[in-house]
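Residue strings, one per chain:
There are 2 protein chains.
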Amino acid sequence: MAQNIYDNLDFFSGYSQLPRQVHGLAGAPEWPTLRAMFPHVAGKRAVDLGCGFGWVSRWLVENGAKTVLGVDLSENMISRAREVTTDTAIDYRIADIETIELPEAAFDFAFSSLTFHYVRDFDRLARMIHRSLTTGSHFVFSIEHPIFMAATRPHWIEDEDGRKTWPVNRYAIEGERRTDWFAKGVVKYHRKIGTTLNVLMRAGFNIEAVDEFAPSVEQVRENPALEDELERPMMLLVSSSR
Amino acid sequence: MAQNIYDNLDFFSGYSQLPRQVHGLAGAPEWPTLRAMFPHVAGKRAVDLGCGFGWVSRWLVENGAKTVLGVDLSENMISRAREVTTDTAIDYRIADIETIELPEAAFDFAFSSLTFHYVRDFDRLARMIHRSLTTGSHFVFSIEHPIFMAATRPHWIEDEDGRKTWPVNRYAIEGERRTDWFAKGVVKYHRKIGTTLNVLMRAGFNIEAVDEFAPSVEQVRENPALEDELERPMMLLVSSSR
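Taken in sequence, the protein lines are chains A and B.
Residue 207 in the numbering used here sits at position 207 of the first sequence, and the numbers go up by one each step.
Residue 5 in the numbering used here sits at position 5 of the second sequence, and the numbers go up by one each step.
Don't read these hints as lab results, they were simulated from the structure.
C-beta: ideal position from N, C-alpha, C; glycine also.
Possibly wrong hints are sitting among the right ones.
Label pairs and their in silico Cβ distance ranges [claimed, not checked]:
{"hint": "1", "chain 1": "A", "residue 1": "G43", "chain 2": "B", "residue 2": "N63", "range": "49 to 55 Å"}
{"hint": "2", "chain 1": "A", "residue 1": "I94", "chain 2": "B", "residue 2": "G64", "range": "38 to 44 Å"}
{"hint": "3", "chain 1": "B", "residue 1": "R153", "chain 2": "A", "residue 2": "H23", "range": "32 to 38 Å"}
{"hint": "4", "chain 1": "A", "residue 1": "L18", "chain 2": "B", "residue 2": "G136", "range": "44 to 50 Å"}
{"hint": "5", "chain 1": "A", "residue 1": "A42", "chain 2": "B", "residue 2": "T135", "range": "31 to 37 Å"}
Please work from the sequences and hints to get the whole structure.
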């Protein structure tokens with residue numbers, strides 16, 4: 001079973017204060033780029049893997065999705081999602097993405113935000129998602145960028161000119177990474193960009209677009225702290241189809 | 001016109017001593033991975049963009065390619081390539097990849113090794129290559145990895161544990177990079193991984209495989225210095241088709 005860090009009280013109370021949890025999609029600077037990768041969702045049966053508080057699940061039904069299955073390992077997240085959702089087109093379930101089996105050809109759109117870097121076996125997951133989708137459907141997801149999570153000491157440093165710099169090491173050594181983020185020993189799984197894309201293609205998906213989130217000039221003007229994200233790639237956004 | 005650093009005497013004399021120039025494909029550790037991306041080349045009309053001394057051009061005809069057009073900006077490189085080549089199926093020409101126009105549907109396989117990071121306008125180049133290829137053909141290339149070339153000070157540093165670490169900054173700021181490599185002020189052009197892949201897809205190519213070269217256990221045993229390349233991604237290898 002995957003580590004259930006989101007039901008760790010220290011983690012959850014810290015995590016819940018993140019802008020993207022307090023403000024939802026408006027607090028997620030990559031959301032405009034991610035949303036631009038979506039197919040037309042009206043009438044679609046969607047699955048939201050690692051749905052958290054259900055921000056995207058709700059956006060999907062508000063934009064015409066026929067049904068949404070929102071899945072998350074965390075009871076805390078699913079409880080909150082159910083509390084704030086009134087639309088009966090969304091079904092929230094507690095389940096482990098590492099082992100979940102979705103029904104075959106049951107969905108027209110699969111989505112996941114910042115979840116798959118917690119998954120050990122992405123190969124199994126990609127093949128399972130491919131089976132669960134109908135022909136012509138889309139699969140869009142974001143993950144922590146491999147460059148963001150590869151190093152043993154992933155924190156800002158300065159170069160000799162004092163410029164904010166992100167350290168990279170162990171890039172080719174894939175597998176477990178443990179970091180302290182709201183709680184000690186949060187477990188993530190590092191994969192090279194090539195590995196993530198090749199696993200998708202071997203599962204039968206066509207790559208449609210690859211984006212590495214960087215803030216726009218307007219976003220930096222509104223939130224100057226985002227300027228740091230011009231220095232390093234923090235998130236990898238992938239659009240694919242089957 | 002692109003910078004012609006390969007005809008700078010200091011650069012050329014240093015560059016010519018690199019293992020991959022002295023030993024050819026056996027001195028290029030990424031060659032086995034790159035070659036594994038090739039289609040069946042027998043009977044194909046191939047183009048080798050940035051052919052250098054012609055190592056791959058010669059490999060292609062030795063493996064059955066019908067014709068090979070080898071193109072390079074450097075008179076030094078093309079002179080040497082012509083000197084060491086006897087096969088009349090190879091045509092070497094001096095031309096600038098930045099502006100070259102190949103005839104339409106004239107090739108079945110396009111290849112390039114470690115050249116496109118010198119090209120300012122990859123969008124133009126990708127569309128031109130697409131036009132020059134027949135339907136069903138392949139386009140395989142390597143470039144310096146964007147992570148390798150993004151930083152203003154691209155050299156090894158150490159993290160607080162003394163681990164060899166590669167610095168990343170300015171990743172989202174695409175464009176010119178000047179570095180000193182055998183000569184001062186070698187001009188390269190940084191693009192994000194997402195940009196390179198999206199430019200290809202918009203030009204009409206399907207991505208087939210993406211690899212970030214890392215040495216095998218055997219390669220590290222034979223050449224222990226290669227172990228550093230487990231810490232950072234140095235080269236990006238892309239296979240695509242039209």
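Structure-based check of all given hints:
Range check, G43 of chain A to N63 of chain B: about 51 Å between beta-carbon atoms, so the 49 to 55 Å window is met. Distance hint check for I94 of chain A and G64 of chain B: the Cβ-Cβ separation is about 57 Å, which falls outside the suggested range of 38 to 44 Å. Between R153 of chain B and H23 of chain A the beta carbon distance is about 36 Å. The supplied range of 32 to 38 Å therefore holds. In this structure, L18 of chain A and G136 of chain B meet the distance hint of 44 to 50 Å, their C-beta atoms being roughly 48 Å apart.
Between A42 of chain A and T135 of chain B the C-beta distance comes to about 34 Å, which sits within the given range of 31 to 37 Å.
Comparing the model with each earlier hint shows a violation of hint 2 alone; every other hint is respected.
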